[in-house]
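Number of protein chains: 2
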Amino acid sequence: MSLDNIRIVLVNPIYGGNVGSTCRAMANMGISDLALVKPLNLNMEEARKMACHAVHILESKTEYANLAEAIANCGAVMGTTARDGLYRQHAKTPRAWAQKAVDVAKTGKVAIVFGREDNGLSNEDLALCTQIIQIPTTLDFKSLNIAQAVLICCYEIFLAFGTYEPIMEMSPEAPSDARERMFAMWRDTLLRIGFMKEDKADHMMQGVRRILSRGTLTMDDIKILMGIAKQAAWAAGSRERSENVDTSEM
Amino acid sequence: MSLDNIRIVLVNPIYGGNVGSTCRAMANMGISDLALVKPLNLNMEEARKMACHAVHILESKTEYANLAEAIANCGAVMGTTARDGLYRQHAKTPRAWAQKAVDVAKTGKVAIVFGREDNGLSNEDLALCTQIIQIPTTLDFKSLNIAQAVLICCYEIFLAFGTYEPIMEMSPEAPSDARERMFAMWRDTLLRIGFMKEDKADHMMQGVRRILSRGTLTMDDIKILMGIAKQAAWAAGSRERSENVDTSEM
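First to last, the sequence lines map onto chains A and B. To convert, note that position 42 of the first sequence is 267 in the numbering used here; the numbers rise steadily by one, no gaps. To convert, note that position 72 of the second sequence is 297 in the numbering used here; the numbers rise steadily by one, no gaps.
It is possible that some hints are incorrect.
You can't tell identical chains apart in this list, so a pair holds if it fits in one copy or across any two.
Claimed, not checked - Cut-off 16 Å, straight-line C-alpha distance, at most; resulting in silico cross-link-like pairs (EDC-like, lysine to aspartate or glutamate):
(1) K367 x E390
(2) K274 x E342
(3) K274 x D343
No lab work stands behind these hints, which were simulated from the structure alone. No experiment lies behind these values; they were computed from the predicted model shown.
Please take these sequences and the hints and turn them into a complete structure.
Given below as structure tokens:
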């Protein structure tokens with residue numbers, strides 16, 4: 226599994242809680258290789274608390290004296306930055322770089338590098354990067370929490386790997402003949418309960434068709450709608466019968 | 226600005242830190258309307274700390290007694306769930322629903338609803354939703370931190386609004402004639418410094434072209450590459466001259 230080839234590198238992280246949140250975000254997206262460059266006296270209790278069920282990532286993290294060592298065996302080194310400027314003008318979004326990360330990860334290691342919570346990556350650290358990532362934000366609030374930045378990058382890479390399969394409707398989209406049987410039942414019932422008269426029926430049914438055709442209509446949905454029409458017709462019939470009985474008794 | 230029409234609703238949030246992190250994530254993506262349904266004794270100091278520069282969102286949050294009130298004026302109500310099951314099988318990803326959110330937000334309010342940190346949304350709360358969102362994750366670690374889940378949803382909606390403009394290279398992609406002038410200078414220099422002989426020059430230049438054509442080459446890049454070729458040729462010439470001088474002096 227080439228998601229194993231994605232390494233998250235935090236340079237001089239300060240807050241244990243952020244490192245823990247980073248572990249949880251990585252776990253959500255199937256990434257587990259965490260490298261720290263000279264962490265600054267992390268509060269490990271906070272880290273474990275925020276890592277939640279991903280504490281195994283925290284415990285298997287590796288530590289390095291500088292960025293060059295942390296990425297020495299990485300083919301692609303993608304550095305994140307919130308700032309603009311001379312050394313950052315070829316930055317692209319995480320989505321734009323995600324396919325590159327996937328391609329490189331098929332055969333080698335890819336590092337995604339995040340700077341200090343307060344300062345980001347230095348120009349020296351950026352110089353070691355082969356790609357620069359800037360996460361889309363509003364211009365007013367460009368600075369993401371570091372674990373939030375990690376999540377966005379991991380999420381885009383996870384999606385680019387294409388292993389995630391979205392939930393599929395269990396019931397297939399109903400075919401036209403099933404829809405038409407349902408509409409025919411509704412037409413009969415709406416006439417029978419006196420919602421519309423025959424001369425207005427086609428017009429009213431256009432409205433009903435519009436309402437029921439705006440979204441998806443699955444076979445399960447068709448069954449529910451047929452059941453409603455059938456039951457309404459039955460209930461109207463039983464009222465007619467009981468009214469008939471009443472009349473005959475009077 | 227129709228991002229103002231996006232409302233983030235947290236049902237029974239427990240941890241102040243998560244509410245603060247939610248505010249920061251919203252601010253990053255230009256969303257500011259936060260509604261809480263019956264928050265449970267939040268630690269507001271933690272909330273303010275994690276909200277960072279987005280404390281104005283925390284301070285302008287609204288509170289409601291139940292979800293129905295929090296979303297009463299919302300045209301679309303998108304509920305998030307990590308679980309599968311009977312009432313969730315028509316869930317789609319945040320990316321799949323983002324355009325719907327943008328469309329509705331042009332004229333009305335859109336709520337994105339998040340359940341309790343420990344339990345998610347109840348079936349009763351899900352029944353009030355018009356769309357169901359499931360955030361892509363690995364099957365092993367489906368439960369995202371709530372502020373992380375908010376971030377992903379806000380990020381996808383922010384991108385779908387299309388107001389974010391990615392950084393553009395300041396320098397345009399170099400046109401072919403500029404590239405060819407640069408390669409011609411490199412050819413001359415590589416011959417002159419003795420890196421290759423004339424009979425192998427075309428072959429070697431194929432390698433150089435491959436290396437320099439793999440990524441983008443901007444006009445700024447061309448200028449740097451021309452400068453290197455020119456200077457190397459000059460340095461080689463000055464060595465030749467000085468060697469000539471040396472020779473003549475010997």
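Right, here's what the structure says about each hint:
1. Taking the shortest alpha-carbon separations for K367 and E390, only the inter-copy value of 13 Å comes in at or below 16 Å, while the best intra-copy value is 31 Å.
2. For a Cα distance limit of 16 Å, the shortest separation of K274 from E342 across copies, 14 Å, qualifies, whereas the shortest one inside one copy, 19 Å, does not.
3. Only between protomers do K274 and D343 lie at most 16 Å apart by alpha-carbon distance; the minimum there is 14 Å, versus 22 Å within a single protomer.
Hint violations for this structure: none, all hints satisfied.
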